[in-house]
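Engineer: Residue numbers (my numbering), protein chains in the order written: chain A, 3 to 116; chain B, 3 to 116; chain C, 3 to 116.
Don't read these hints as lab results, they were simulated from the structure. Among the hints, a few may not be true.
No distinction is drawn between identical chains; accordingly, a pair holds when it is met within one copy or between any pair of copies.
[To be verified] Heads up, simulated SDA-like pairs for lysine to any residue below, C-alpha to C-alpha not over 20 Å straight-line:
id, residue 1, residue 2
1, K76, K104
2, K48, W13
3, K60, N12
4, K76, T103
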Amino acid sequence: MSIERIQPGNWNSRAVIHEGIAYLSGIVADDKSAGMKGQTADVLTKIDAILGGVGSDKNRILSAVVYVSDQALKDQMNEAWMEWMDPAHPPARACVGVELTKDVLVEIMVTAAC
Amino acid sequence: MSIERIQPGNWNSRAVIHEGIAYLSGIVADDKSAGMKGQTADVLTKIDAILGGVGSDKNRILSAVVYVSDQALKDQMNEAWMEWMDPAHPPARACVGVELTKDVLVEIMVTAAC
Amino acid sequence: MSIERIQPGNWNSRAVIHEGIAYLSGIVADDKSAGMKGQTADVLTKIDAILGGVGSDKNRILSAVVYVSDQALKDQMNEAWMEWMDPAHPPARACVGVELTKDVLVEIMVTAAC
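Make the full structure from the sequences, and use the hints.
Structural biologist: Structural data, given as structure tokens:
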């Protein structure tokens, strides 16, 4: 039984791979000055890169939890989500409002087949 | 490696099936005028139907996250949960209070074997 | 297809095991009078015990969601987390602020290989 860790850091790995499933950490945007749509697009680009590095892609995401700082901004998150998502391959998803760290508007955690 | 999607929509699929595991989206009640117990019962009925459609059932739920809009209403959620759950087959579960969309009191996301 | 349940209770099982994966419930501290660091250390000790009981351990955690009652206390949570975590085996992780039940400062839900 092997467990592979991608970009292990102080608290977590960027992703953990086990038995053909990639478990990603919650990903946040690099540019915290961006608005909700911009932060979401940045997060999704980062998720694409992580998935690409482990032989997966957005069309093999099984499940996603989208944490937003404010449900009033959910439509802006969904704009970026819909521009990114392949309509033929939507994952299971929940979107809930939580307290995130300072200036973070969205954090997304996905599980994908690879 | 096959991935099956149930009721794919604009943002997500109702459920995604991969390697014998069903990953469901966060499910909310249809009738948002119902109280916490009523909304929870509705959500659980909907989860039963989704699981039934993929050859699973509530006794094969592995893990559930119950998102509630107000922890003060948790007991009412649990009333509906206990009337529904088979005491011989409780899943792993967490229940946390988050901001949900307008008038939604509870949203439940489960993973099940099928 | 077998599903094993550890410490099944009224609402949930402490853990559910299926196909070599342990799905744990959200775990909270026993001593609610402790501060964030103390509660986190208690939670992690309890997770160690549950994982040990199913032939797993903290180095085989795949994914963790850390729910905190207040992001201002996140650094204190991380102090306990870093004293506990093996730097060679960090899991995927997200940490989000939510409403927990009274006096609970942290609740952690993990998935592990076993």
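Engineer: Work down the list of hints and note, for each, if the structure agrees.
Structural biologist: Hint by hint, here is what the structure shows:
1. K76 x K104: Intra 18 Å, inter 12 Å, cutoff 20 Å: intra and inter.
2. K48 x W13: Both. Shortest intra-copy (19 Å) and inter-copy (19 Å) distances satisfy the 20 Å Cα cut-off.
3. K60 x N12: So K60 and N12 pass the 20 Å test across copies only (15 Å; inside, 27 Å).
4. K76 x T103: both (17 Å within a copy, 9 Å between copies)
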